[in-house]
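Q: Residue numbers (the numbering used here), protein chains in the order written: chain H, 1 to 375; chain B, 1001 to 1184.
No lab work stands behind these hints, which were simulated from the structure alone.
Where is the CB? At the ideal position from N, CA and C, for every residue including glycine.
Wrong hints could be hidden among the right ones.
With a Cα cut of at most 30 Å, we get these calculated DSBU-like pairs of lysine-lysine [as the list claims (entries may be wrong)]:
| hint | chain 1 | residue 1 | chain 2 | residue 2 |
| --- | --- | --- | --- | --- |
| 1 | B | K1050 | H | K82 |
| 2 | B | K1116 | B | K1085 |
| 3 | H | K319 | B | K1022 |
| 4 | H | K364 | B | K1085 |
| 5 | B | K1050 | B | K1085 |
| 6 | B | K1012 | B | K1022 |
Simulated restraints, written as ranges between beta carbons of each label pair [as the list claims (entries may be wrong)]:
| hint | chain 1 | residue 1 | chain 2 | residue 2 | range |
| --- | --- | --- | --- | --- | --- |
| 7 | H | L31 | B | H1024 | 45 to 53 Å |
| 8 | H | W28 | B | P1031 | 35 to 43 Å |
| 9 | H | L31 | B | T1156 | 55 to 63 Å |
| 10 | B | A1113 | H | L104 | 33 to 41 Å |
| 11 | B | S1015 | H | L280 | 45 to 53 Å |
| 12 | H | R62 | B | S1015 | 34 to 42 Å |
| 13 | H | S61 | B | Q1095 | 24 to 32 Å |
| 14 | H | L145 | B | T1156 | 53 to 61 Å |
| 15 | B | N1075 | H | S61 | 22 to 30 Å |
| 16 | H | L281 | B | G1009 | 50 to 58 Å |
| 17 | H | A353 | B | I1159 | 23 to 31 Å |
| 18 | B | H1024 | H | L81 | 28 to 36 Å |
| 19 | B | H1024 | H | I202 | 39 to 47 Å |
| 20 | B | Q1065 | H | S93 | 43 to 51 Å |
So the chains spell out like this:
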Amino acid sequence: MTIIDLNISNLVSLQKGLPPDWPGGFWWHFLVFTSIVINAVLILVMAFIYVERRGLGRMQSRLGPNRTGPQGIFQPVADALKVLLKEDIVPDSADKVVHWLAPLIAFAPTLMIFAVIPFGNGWSLIGDLNIGMLYVVSIASVSTLGVFMAGWASSNKYSLLGAMRDVASVISYEIPLVLAVASVVLITGSLSLNQIVQNQDIPFILLQPLGFLIFFMAGCAEINRSPFDLLEADSELVAGFHTEYSGMKFAMFYLVEYAEALALSALISTLFLSGWRGPLLPPWLWFVGKIFFVFSVMIWTRATLPRVRIDQLMTFTWKFMLPLALINLLVTAVEVLALPENSLWLMIPVNFALTVALILIGSKSLTVGRGRVEV
Amino acid sequence: MKFEHYGRGIIKGMSVTIQHLKRHPTVNQYPEQRLNTSRRIRGNELIWDKKLCTGCATCAKTCPQGAIDIVTSANLVNNKYEVEKYQVDTGYCIQCALCVEACPFLALFMSTAYEKAKYRRNELVQQKEDMTRGQAGKVDSGYFYPDIAAALPSQTLLIEKVTEIRPKAKVEVKKETPAEAVKK
């Protein structure tokens, strides 16, 4: 059991991921891995769109798109082509520069998250970044800036309102999210994502059930997925912050939405489902399989749960998730200090009991407004 | 919002959604698969029997839209009216089937056709040649004619596609004992 140590030996591990014998050294590595990452992300996003539309369809007793290609597998391609050929409309009173920049600023950080996510033992753009988790958390919140820029530059009050709600929800849900990550980091004693995976002899979903639930829900809220997608509600609003976007720029926001979902699924599988580790199959296949598993759970929740209101969204994080995450972090810290070496499994019964007790107590004490919704 | 049931409702809802994966989707792939329509469908064209029609124009009088246009001439040899022109503007037709009900000689039928959309409005006007009974592809609807309805295939319901068998709800009928009946 080690406590966080950010010493020199960890910094050296940055060098480990780079193949020194490659011609051109770092730059070749950078070029090859960047193109691999970008292509992998785009292909996985297309697969996600297909899986989501078909899966959601089946869960609603429909078939989903099944006309374009065999079983409709070319539907995302057709959608992309359609949206690329559309006219790019910029409102007259828009802040042109910001309007143009916003999709890029939303998109770039989402892609940058994948620089540190290990698809195998040390397989990532930056092999083994020792502050990986910190990097992910900080980079991920930059794309909110793009969203807010989009809302502001559209010079449309509803876009601005949607963007402001997005910012509010992201800031609120960032706190329980980071606290849940912190408890994982406490157990492994490392911020490096590769190190976290290597230390997961027991998947952390068993050691940190409450942390997993909080991370999953807060993550869903951060990337505006159902049931927290009130600011781009498909069925009620005209997509909130990207109302004034069309054509390629809209495609960028759509891409961001799914790339964020991909990043979140990858993070959940890395942090809680022991990442690329698994028997028989190659590591990257295990990782992709876990990503798809997590994403299908997200589709499942989307098919089931109704959308929450903005006040419910805020109350849920500040009154329910934040106290639970704090208590979880405290208990984990005490456990990490008190438990003897090589007895991590002791955390399983304790933390499961804690999860049940905290959810029971938290549910009793949570009230939102006067409405009555029994859940 | 209050977690009165500690989030059990969420788990129940999730289990309901996942059950749908086992069920057959209740959709119909339209151009390839077609469902049997209702046997008493009022389709969007009329079928007119030339032999039974006497040219009395009752249909034209009952039509609330005035969509039926009928012109007859007297045939003195056979001592009957000849229908010169029988024209229905199906663009005006509201498929109320009052003409079918009104026809005293049972010479009018609704059709089972439902794919009669056209690109031009004047293509919607049907002449008597288009409506004559007995042409290929024209099936009389069972509307107002129970004997025709009985011969048509029964309607497919989408619920029949769902393979899941649901338990029938038990309905208990409480019988009154004679003593209670007397009290009332």
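Q: Indicate, hint by hint, whether the structure satisfies it.
A: To see whether the hints hold, each was checked on the structure:
Note on K1050 (chain B) and K82 (chain H): the hinted pairing is violated, with a Cα-Cα distance of about 52 Å set against a maximum of 30 Å. With a CA separation close to 22 Å, the supplied pair K1116 (chain B) and K1085 (chain B) stays within the 30 Å bound. Straight-line distance between C-alpha atoms of K319 (chain H) and K1022 (chain B) comes to about 38 Å, which puts the hinted pair past the 30 Å bound. In summary, the hint linking K364 (chain H) to K1085 (chain B) is not supported, as the alpha carbons are separated by about 79 Å, beyond the 30 Å threshold.
With a C-alpha separation of about 12 Å, the suggested pairing of K1050 (chain B) with K1085 (chain B) holds against the 30 Å cut-off. Between K1012 (chain B) and K1022 (chain B) the alpha-carbon distance is near 16 Å, which keeps this suggested pair within the 30 Å criterion. At about 50 Å, the CB distance of L31 (chain H) to H1024 (chain B) agrees with the hint of 45 to 53 Å. Judged by the Cβ atoms, the range 35 to 43 Å given for W28 (chain H) and P1031 (chain B) is violated: they are separated by roughly 53 Å.
The hinted range of 55 to 63 Å is satisfied by L31 (chain H) and T1156 (chain B), whose Cβ atoms lie roughly 59 Å apart. Distance hint for A1113 (chain B) and L104 (chain H): a CB-CB separation of about 55 Å, inconsistent with the stated range 33 to 41 Å. Between S1015 (chain B) and L280 (chain H) the CB atoms are about 31 Å apart, so this pair departs from the stated range of 45 to 53 Å. Range check, R62 (chain H) to S1015 (chain B): about 19 Å between beta-carbon atoms, so the 34 to 42 Å window is missed.
Distance hint check for S61 (chain H) and Q1095 (chain B): the Cβ-Cβ separation is about 30 Å, which falls inside the suggested range of 24 to 32 Å. A hinted range of 53 to 61 Å for the beta carbons of L145 (chain H) and T1156 (chain B) is consistent with their spacing of about 55 Å. In this structure the supplied range 22 to 30 Å is violated for N1075 (chain B) paired with S61 (chain H), their Cβ-Cβ distance being about 60 Å. Evaluation of the 50 to 58 Å hint for L281 (chain H) and G1009 (chain B) yields a failure: the beta carbon distance comes to about 37 Å.
Remark: the range hint 23 to 31 Å for A353 (chain H) to I1159 (chain B) is contradicted by a beta-carbon distance near 45 Å. For H1024 (chain B) and L81 (chain H), the Cβ-Cβ distance of about 32 Å falls inside the hinted range of 28 to 36 Å, so the restraint holds. At about 40 Å, the beta-carbon gap between H1024 (chain B) and I202 (chain H) stays in the expected band of 39 to 47 Å. Checked against the hint of 43 to 51 Å, the pair Q1065 (chain B) and S93 (chain H) passes, with Cβ atoms roughly 49 Å apart.
Consistency note: the structure conflicts with the earlier hints numbered 1, 3, 4, 8, 10, 11, 12, 15, 16, 17.
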